[in-house]
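Asks: Protein sequences appear in the order of chains Z and W.
Everything in the first sequence is counted per this note's numbering, starting at 1 for the first residue and increasing by one.
Everything in the second sequence is counted per this note's numbering, starting at 1001 for the first residue and increasing by one.
Treat the hints with caution; some may be incorrect.
To be verified - Quick list of the computed label-pair ranges, beta carbon to beta carbon:
(1) W:L1113 x Z:G84: 24 to 34 Å
(2) Z:P70 x W:N1007: 42 to 52 Å
(3) W:G1060 x Z:Q67: 37 to 47 Å
(4) Z:T13 x W:H1072: 37 to 47 Å
(5) Z:N59 x W:S1069: 22 to 32 Å
(6) W:Q1003 x Z:Q67: 41 to 51 Å
(7) W:S1028 x Z:S38: 25 to 35 Å
(8) Z:N59 x W:A1070: 25 to 35 Å
(9) Z:S38 x W:P1082: 43 to 53 Å
(10) W:N1007 x Z:K9: 30 to 40 Å
Calculated directly from the structure, the hints in this document are not laboratory data.
Where is the CB? At the ideal position from N, CA and C, for every residue including glycine.
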Amino acid sequence: DSGVTQTPKHLITATGQRVTLRCSPRSGDLSVYWYQQSLDQGLQFLIQYYNGEERAKGNILERFSAQQFPDLHSELNLSSLELGDSALYFCASSVGHRANTEAFFGQGTRLTVV
Amino acid sequence: DQQVKQNSPSLSVQEGRISILNCDYTNSMFDYFLWYKKYPAEGPTFLISISSIKDKNEDGRFTVFLNKSAKHLSLHIVPSQPGDSAVYFCAASGAGTASKLTFGTGTRLQVTL
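Isolated chain W, as found in the complex (with noise of 0.2 Å):
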C-alpha cells in the first residue's frame, strides 16, 4: 500500500527552466511533508518542508505548494540548474506515525543544458 505516490520516475528540463515535481498522498492524516534531494552515493538531504496549516512554502529557488483537498504537493524550482539533478523524494508523516517518514518512490531531475 503506497501511502505517497509520485507518478513520474523521470524528468527532464532545460537550465533556467521551472521544474514541477509532484507527490500525491492518500492518508488523510499526514499533517507534515517534506522533499529531500539525493546525489548518487549519498544519503538523503533535507530541502524543504510544508505543514498542513500551510498551502506554500517558499525558500529561495525552492516552493513547495500543498493541496489538501486534492491530496496533492508539488515542488517547484525555479530557475532550475544542472547542480539541481538528483532524486527528488517526496515524504509526509503525521498524527498516528509522527515517528516516521514515509516516503515515495522518487523522481529522477535531470537538468540539461
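Isolated chain Z, as found in the complex (with noise of 0.2 Å):
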C-alpha cells in the first residue's frame, strides 16, 4: 500500500460526458502529480500542484483540468470525453516539488469511455 489513494478504480462513461477523478496525496506529502497510461504507452505526464499551486503542466488537454485543495487533494477533471481518453489515470505523490523525490503512486483509475 503506497498510501495514495484514487478513487473510483474503474469508470465507464459515455462519449461527450464528463468525469471527475480524485486522488488523497500521502500524509505529509505536498506535491501531486496526475499520469496518463494509454495502451501499450509509457506513463504520460499531465500536471503537477504543489501545496495547492499548479506547479507543472505536460500535455495536458484542454478539455482537462486539475486542481488541488487545501486538504492537499486533488481532483483531475475530464471533459468532453473522446474514445481516445480511455485509459488509466494515475496520481502520484511526494514530499518536495521536484521530480527526483521518489514519487509514491495509487493504483489508478481506469477510465473506459464508450
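Since each chain sits alone in its own frame, please combine them into the complex, following the hints.
Replies: So, in C-alpha cells, the structure goes:
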C-alpha cells in the first residue's frame, strides 16, 4: 500500500460526458502529480500541483483540468470525453516539488469511454 | 518525441540468472534517473534511482548503471526471482523538467522457473 488513494478504481462513461477523478496523497506529501497511461504507452505526465498551486504542466488537453484543495487532495476533471481518452489515470505524490524525489503512485483509475 | 526509450517490450529470464533491462534517453538535460516496477492492477512502485554524478548505484539485488556519453542506463537484477516478474519503467528528470518524470514505455520481465 503506497498510501496514495485514488477513486474510483473503474469508470465507464459515454462520449461527450464529464468525469472527476479523485486522489488523496500520502500523509505529509505536498506534491500531487497526474499521469495518463494509454494502451502500450508509457506514463504521460499531465500536471503537478504543489501545496495547492499548479507547479508544472505536461501534455494536458484543454478539455482536462485539475486542482488541489486545501486538504491537499486533488481532482482531475475530464470533459467532452472522447474514445481516445480511455486510459489508466495515475496519481502520485511526493514530499517535495522536484520529480527526482521518490514519488508514490496510487493504484490508478481505469477510465473507459464508450 | 519519445525522449526515454525502452526498446525491448519484453524479456524472459530463468530464475537465478541475471536480468538486464535497458533504457536510452535523448535529452542531455536529464540528470536523474529512476526505475519503477509495476504489477498488474497496481500503481508503479519506486525501485532504484541514480544521479548523473554517479555511474553506478546498488541496492541489494538491483544495480543501475549509467553511461552518460552513450545516454544509456541499465538495470541489473541478480539473481532473478519469480516475484520480479513485472513491467519495469525507466524514468528521467532534469533541469527544466524538474517537476516531471518522463517515462519509457516499459519492459515486461518474466522470470521462469
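Asks: Each hint needs a verdict: does it hold in this structure or not?
Replies: Against the structure, the hints come out as follows:
For the hinted restraint 24 to 34 Å between L1113 (chain W) and G84 (chain Z), the CB-CB distance of approximately 40 Å leaves it violated. A beta carbon spacing of about 44 Å between P70 (chain Z) and N1007 (chain W) agrees with the range 42 to 52 Å that was offered as a hint. Range check, G1060 (chain W) to Q67 (chain Z): Cβ separation about 40 Å, and the 37 to 47 Å hint holds. Checking the proposed 37 to 47 Å range against T13 (chain Z) and H1072 (chain W) shows it holds: the Cβ atoms sit about 42 Å from each other.
Checked against the hint of 22 to 32 Å, the C-beta distance between N59 (chain Z) and S1069 (chain W) comes to roughly 29 Å, which is consistent with it. Separated by about 28 Å at the C-beta atoms, Q1003 (chain W) and Q67 (chain Z) break the suggested range of 41 to 51 Å. Between S1028 (chain W) and S38 (chain Z) the Cβ separation comes to about 27 Å, which falls inside the hinted range of 25 to 35 Å. Taking the beta carbon of each, N59 (chain Z) and A1070 (chain W) are about 27 Å apart, inside 25 to 35 Å as hinted.
Taking 43 to 53 Å as the suggested C-beta distance range, the pair S38 (chain Z) and P1082 (chain W) does not conform, at roughly 29 Å. For the hinted restraint 30 to 40 Å between N1007 (chain W) and K9 (chain Z), the CB-CB distance of approximately 32 Å keeps it satisfied.
Going down the numbered hints, you'll see the structure goes against 1, 6, 9, while the others check out.
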